[in-house]
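Student: Protein sequences, first through last, are from chains A and B. For what it's worth, this note's numbering labels the leading residue of the first sequence as 1, then goes sequentially. For what it's worth, this note's numbering labels the leading residue of the second sequence as 1, then goes sequentially.
FYI, nobody ran anything at the bench for these hints, they're computed from the structure. From a predicted model like this one, the values you see are computed outputs, not experimental measurements. Yeah, the Cβ is synthetic: ideal placement off N, Cα and C, and Gly gets one too. Check each hint, because a few of them may be wrong.
Among chain A residues calculated to face chain B with C-beta under 8 Å, some are [what the hints assert, rightly or not]: (1) Met28; (2) Ala51; (3) Gly119; (4) Asn122; (5) Pro135; (6) His137; (7) Ile223.
Not close to chain A: a few residues of chain B, all C-beta gaps over 12 Å, as computed [said to hold, decoys possible]: (8) Lys26; (9) Ala53; (10) Asp139; (11) Val149; (12) Leu185.
2 protein chains.
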Amino acid sequence: MFDNIRIVLSHTTHPGNIGAAARAMKTMGLHQLYLVNPRHFPDAQATAMAAGADDILENAVVYASINEALRGVAFTVAMTARLRDISIEVKTPREAMPQVLQEAAVQPVALLFGTEMSGLTNEEMGCAQLGVNIPTHPDFSSLNIAAAVQVMVYELAVAAQSFKPAVREIQPAPHERVEGLYAHLEKTLIEIGFFTTQNPARLMQRLRRLFSRTRLEDEEVNILRGILSVATAYNARLKKRYSEEHPDVQKH
Amino acid sequence: MFDNIRIVLSHTTHPGNIGAAARAMKTMGLHQLYLVNPRHFPDAQATAMAAGADDILENAVVYASINEALRGVAFTVAMTARLRDISIEVKTPREAMPQVLQEAAVQPVALLFGTEMSGLTNEEMGCAQLGVNIPTHPDFSSLNIAAAVQVMVYELAVAAQSFKPAVREIQPAPHERVEGLYAHLEKTLIEIGFFTTQNPARLMQRLRRLFSRTRLEDEEVNILRGILSVATAYNARLKKRYSEEHPDVQKH
Chain A
1 MFDNIRIVLS HTTHPGNIGA AARAMKTMGL HQLYLVNPRH FPDAQATAMA AGADDILENA
61 VVYASINEAL RGVAFTVAMT ARLRDISIEV KTPREAMPQV LQEAAVQPVA LLFGTEMSGL
121 TNEEMGCAQL GVNIPTHPDF SSLNIAAAVQ VMVYELAVAA QSFKPAVREI QPAPHERVEG
181 LYAHLEKTLI EIGFFTTQNP ARLMQRLRRL FSRTRLEDEE VNILRGILSV ATAYNARLKK
241 RYSEEHPDVQ KH
Chain B
1 MFDNIRIVLS HTTHPGNIGA AARAMKTMGL HQLYLVNPRH FPDAQATAMA AGADDILENA
61 VVYASINEAL RGVAFTVAMT ARLRDISIEV KTPREAMPQV LQEAAVQPVA LLFGTEMSGL
121 TNEEMGCAQL GVNIPTHPDF SSLNIAAAVQ VMVYELAVAA QSFKPAVREI QPAPHERVEG
181 LYAHLEKTLI EIGFFTTQNP ARLMQRLRRL FSRTRLEDEE VNILRGILSV ATAYNARLKK
241 RYSEEHPDVQ KH
């Protein structure tokens with residue numbers, strides 16, 4: 001049922017939380033645990049807190065970077081303590097789950113959880129197409145990470161009971177292809193001097209937001225990168241011609 | 001908002017779970033924690049896992065018996081791993097919460113959680129008017145107790161957002177009054193020899209089930225206990241007269 005849904009825990013500090021998250025996953029029938037740079041893993045505390053979900057810990061995949069953990073993923077959901085976010089749309093768990101199931105019916109989906117102290121970085125948030133905020137009391141929003149996993153997988157399991165996959169119109173490109181486009185785009189924008197008067201990080205975030213909403217297909221990534229390549233080549237030709245016609249001007 | 005809702009943890013083994021439950025409660029705006037005979041409390045592990053919800057631990061009330069913890073409570077919800085139960089109706093958290101809020105609008109409500117290993121005893125289950133089962137994967141239903149608290153208070157908070165209390169028709173009697181009736185009833189049934197051919201425990205459970213459904217009012221408890229008292233007195237008079245008329249027969 002949930003073979004296409006992975007739980008990704010980034011830079012988890014306490015191994016007990018990894019074990020408790022594994023247990024939470026297993027109670028709701030999820031099995032795919034990905035760990036990005038955990039401080040301690042494997043660890044006896046993780047095993048103790050897993051309390052029988054050892055198989056999930058044993059099969060957990062450990063990576064050094066978020067991009068490796070999201071390889072092949074076409075839809076990433078980022079947990080956030082903020083109700084609004086500059087870079088992506090934010091929903092409640094209950095609102096989000098039908099979409100998560102819809103996506104997972106055809107392609108890999110990741111639910112992404114940040115560190116205990118500070119959550120996800122802006123860079124990690126930028127990898128997501130959707131944010132999810134678990135509503136909490138305004139005076140005390142400090143949800144334990146394994147508790148957050150439990151709420152999410154519980155909502156997922158409840159939603160799945162009444163879920164029937166519908167026909168999907170688009171086939172979104174996987175994470176690494178979209179990230180490749182962003183990198184290419186940023187490089188090109190630097191090259192053409194677009195960022196000189198702007199805040200590059202903020203602007204890239206706005207561009208990510210735009211493309212997150214559209215859900216780019218593989219072919220569209222090809223087209224956009226084609227445009228960037230052509231623009232760069234044209235630029236290079238212009239520079240070359242300029243330096244040939246003005247040999248006395250210093251190259252920059 | 002949730003001043004009328006208490007979380008009751010019975011015979012909790014691991015103090016870390018008490019702390020994690022307190023933290024879960026506070027994230028959703030609940031504050032009333034009752035502990036029945038915890039193995040270790042207060043405890044450093046509880047405080048560590050509370051992670052800022054120390055006030056809930058400090059104000060936690062510790063009792064030696066379930067009856068003390070339920071004093072004044074008019075509606076008790078028991079967590080159960082079973083989907084069906086002989087003694088009470090069982091709902092999912094989502095189905096149960098509107099009723100919980102409805103009850104809590106006028107009188108104290110308890111959400112009752114059993115031990116890590118074996119859940120609630122039959123005696124404890126018998127104190128409840130409603131059972132709640134968190135649906136889990138059939139192969140692994142071992143939900144951590146703090147995770148179960150988190151799911152319940154999360155569902156409560158979500159339900160509360162759209163909740164408007166309606167007028168309630170009846171005013172149910174508190175726990176200790178209903179238990180007093182059950183004790184009186186059982187004593188009377190033993191006295192009249194009703195249990196000789198039956199399984200008393202099972203029969204009392206069926207009677208509890210019946211009265212749980214009706215939600216007895218205070219005045220009704222008075223009436224029923226009045227009937228029991230009169231029946232007993234009548235019985236005593238019969239016995240007395242018989243022994244006076246047949247002085248040669250040995251009293252029993």
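Student: Tell me, in ascending order, the numbers of any earlier hints that this structure violates.
Tutor: 3, 4, 7, 8, 9, 10, 11
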